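Given the structure of chain C, go ahead and fit chain S onto it with the hints provided.
The listed protein sequences derive, respectively, from chains C and S. Counted from 1, the first sequence has number 365 at position 311 by the numbering used here; the numbering is strictly sequential. Counted from 1, the second sequence has number 139 at position 85 by the numbering used here; the numbering is strictly sequential.
It should be emphasised that the hints constitute simulated quantities derived from the structure, not laboratory data.
Chain copies aren't distinguished; within one or between two, either way the pair holds.
Capping the alpha-carbon separation at 20 Å, the derived lysine to any residue pairs in SDA-like fashion look like this:
no.: 1; residue 1: K85; residue 2: R115
no.: 2; residue 1: K104; residue 2: L389
no.: 3; residue 1: K274; residue 2: G135
no.: 4; residue 1: K392; residue 2: R101
Bear in mind the structure is a predicted one, so any value in this text is a computation, not a measurement.
Number of protein chains: 2
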Amino acid sequence: MAKESPNINPEIPDNGQNMLTADACVDGILKGDRYMLSRAITIVESRAEKYRGLAIEVLDRCMPHAGDSIRVGITGVPGVGKSSFIEKLGLHVIEKGKRLAVLAIDPSSSISKGAILGDKTRMEKLSASPSAFIRPSATGSSLGGVARKTRESIILCEAAGFDVIFVETVGVGQSETAVSHMVDFFLLLVLAGAGDELQGIKRGIMELADAIVINKADGKNLEDAEKARMAYLRALHLFPPKESGWTPPVMTASALSGLHIAELWNAIEDYQKLTHENNYWDAHRKEQMRQWLHESFEDLIYQRLQDDEALNMQMKKLENEVINARISAAGAASLLFKSWIKGLHGKG
Amino acid sequence: MAKESPNINPEIPDNGQNMLTADACVDGILKGDRYMLSRAITIVESRAEKYRGLAIEVLDRCMPHAGDSIRVGITGVPGVGKSSFIEKLGLHVIEKGKRLAVLAIDPSSSISKGAILGDKTRMEKLSASPSAFIRPSATGSSLGGVARKTRESIILCEAAGFDVIFVETVGVGQSETAVSHMVDFFLLLVLAGAGDELQGIKRGIMELADAIVINKADGKNLEDAEKARMAYLRALHLFPPKESGWTPPVMTASALSGLHIAELWNAIEDYQKLTHENNYWDAHRKEQMRQWLHESFEDLIYQRLQDDEALNMQMKKLENEVINARISAAGAASLLFKSWIKGLHGKG
Numbered sequence: 055m056a057k058e059s060p061n062i063n064p065e066i067p068d069n070g071q072n073m074l075t076a077d078a079c080v081d082g083i084l085k086g087d088r089y090m091l092s093r094a095i096t097i098v099e100s101r102a103e104k105y106r107g108l109a110i111e112v113l114d115r116c117m118p119h120a121g122d123s124i125r126v127g128i129t130g131v132p133g134v135g136k137s138s139f140i141e142k143l144g145l146h147v148i149e150k151g152k153r154l155a156v157l158a159i160d161p162s163s164s165i166s167k168g169a170i171l172g173d174k175t176r177m178e179k180l181s182a183s184p185s186a187f188i189r190p191s192a193t194g195s196s197l198g199g200v201a202r203k204t205r206e207s208i209i210l211c212e213a214a215g216f217d218v219i220f221v222e223t224v225g226v227g228q229s230e231t232a233v234s235h236m237v238d239f240f241l242l243l244v245l246a247g248a249g250d251e252l253q254g255i256k257r258g259i260m261e262l263a264d265a266i267v268i269n270k271a272d273g274k275n276l277e278d279a280e281k282a283r284m285a286y287l288r289a290l291h292l293f294p295p296k297e298s299g300w301t302p303p304v305m306t307a308s309a310l311s312g313l314h315i316a317e318l319w320n321a322i323e324d325y326q327k328l329t330h331e332n333n334y335w336d337a338h339r340k341e342q343m344r345q346w347l348h349e350s351f352e353d354l355i356y357q358r359l360q361d362d363e364a365l366n367m368q369m370k371k372l373e374n375e376v377i378n379a380r381i382s383a384a385g386a387a388s389l390l391f392k393s394w395i396k397g398l399h400g401k402g
Numbered sequence: 055m056a057k058e059s060p061n062i063n064p065e066i067p068d069n070g071q072n073m074l075t076a077d078a079c080v081d082g083i084l085k086g087d088r089y090m091l092s093r094a095i096t097i098v099e100s101r102a103e104k105y106r107g108l109a110i111e112v113l114d115r116c117m118p119h120a121g122d123s124i125r126v127g128i129t130g131v132p133g134v135g136k137s138s139f140i141e142k143l144g145l146h147v148i149e150k151g152k153r154l155a156v157l158a159i160d161p162s163s164s165i166s167k168g169a170i171l172g173d174k175t176r177m178e179k180l181s182a183s184p185s186a187f188i189r190p191s192a193t194g195s196s197l198g199g200v201a202r203k204t205r206e207s208i209i210l211c212e213a214a215g216f217d218v219i220f221v222e223t224v225g226v227g228q229s230e231t232a233v234s235h236m237v238d239f240f241l242l243l244v245l246a247g248a249g250d251e252l253q254g255i256k257r258g259i260m261e262l263a264d265a266i267v268i269n270k271a272d273g274k275n276l277e278d279a280e281k282a283r284m285a286y287l288r289a290l291h292l293f294p295p296k297e298s299g300w301t302p303p304v305m306t307a308s309a310l311s312g313l314h315i316a317e318l319w320n321a322i323e324d325y326q327k328l329t330h331e332n333n334y335w336d337a338h339r340k341e342q343m344r345q346w347l348h349e350s351f352e353d354l355i356y357q358r359l360q361d362d363e364a365l366n367m368q369m370k371k372l373e374n375e376v377i378n379a380r381i382s383a384a385g386a387a388s389l390l391f392k393s394w395i396k397g398l399h400g401k402g
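Isolated chain C (complex conformation) (with noise of 0.2 Å):
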């Protein structure tokens, strides 16, 4: 039925009929299915509790297939240009034979705003392709959600073949450190001008990047970005050596000419040598895998207090308690703990 009128963003058929089953899901992933990979993500996207069992199965059964990509984060302030970039990027990549899958991480927008829409539209030559895929923000009250629902959703494209994973954030803080975690090389783009360079160094952005590139170099741009290239790189001098033994470089690019898009692809793929040879490559994956599942399960157990109704109708009536004065907020988060126990072990 679905298939028939495929839409980017399917909805889970709540019917048993068309209930989803991880055979099928799995299978279609595999196949490189778009359209099954699609439903899967919106599944592992899902908060609903009846679709974590299936989310788990497939994520499970989909992990000794994951792995084998490039996963590359790219970020950069309103403005910077990301998505014409990433688009020449991408065709470049696709050029070259790759599969590429874009994620986005965007923890301001959400799906009924239009963000689908937009995103088809701002990378139209890309989504035309049939080799790459593009899925929208994940949507979610926090940050670190969305972002551990976006390292699900990579495993996933992964399965499905994809071989160059880009994940794209808005330069807005705090989502570049998230996205830093999940990826193997964080790009940080820039525009030449005023107050960018300390902006970036104050973040504690320009620490996390494996590559500084100073975009929109085109045109009479061109002089400022070359200026803008020198004073990034006697800033990235001030910090220390990186452990990847990696030194990231700073580079003028235009998605306009498709200046430096090729070369800058070529210092990924130059990334991508050392550290295998070094070994970082491995350490740094099994870092963030580690990382993953403790993050993994703090998010489980926060879900589980959220969703727990009985929990929350006694924590009011605690708060009114402590508020009254006739207990103290440690006793009364030790009632607390004790039932909400009891009633996880009740349900099973």
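Same frame as chain C, now just chain S:
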């Protein structure tokens, strides 16, 4: 036994003979026994599981006797002269017939580093007064944990009859926010001099302040201090009016000469009067109590997780599974959660 050789930070006797009872603790506190108060704070600060029951019982029983004080947070960067200022203001408060407890939050210090001795030395006159109780920093690995312990210490001090509580913190950025969440009145100490003004504004601390005091306004500093006062006054105009209806005064002061110490205390009493009248005082306290419960609950869960050895062992095992792609992080998190609950329920 311990009474004969009192010490500032009494260890809790471990042998059954000297085991402290909640009755002895609460009776002592309500009688204003400073030694018992000090022991109770140690118990409350302890992370050991065996003292949790006792800590909670003592807190619960002290709660109805707490709350009747004015809680003043005092912050400022190192070098601003917090200790001498607190001593001067503290002595003034005591002269007015009040009983004063000074608690400190310093996430960077630890008792073993000699913080106690430091505190004793730097507030010599105040610590000699029978109307003052000075308690050095709670130690802890996380600021949040330390802050929650400080709230509990406030309760105990209030139950022991202290009607003015100073909570001191170093101006390192995060602890000010934590302190502002547990006090009625938040005092920012600054120095005259370049750069200071901006710093305060940037870190969002000025927004928290109910009064800004330019300290060390004595001798040849007087003129600069007055200039700084005007600058801060102008800067304060940039912020929206406070929910409390209070307009934060900006004052020069000197711990050395005593300049404006009395005036500052009058301002704090004015604040109390105003917010009692407009009901902000009560609403604010209630919101803080609510917040305190939520944080205590989160903290309890976090502690339980950390202390659970079986869980930590399973975590290590599952980290390995995730790293080797045999299971997804989400799948592993779900397994961990199930066995955690099971284990907790088994323990009762």
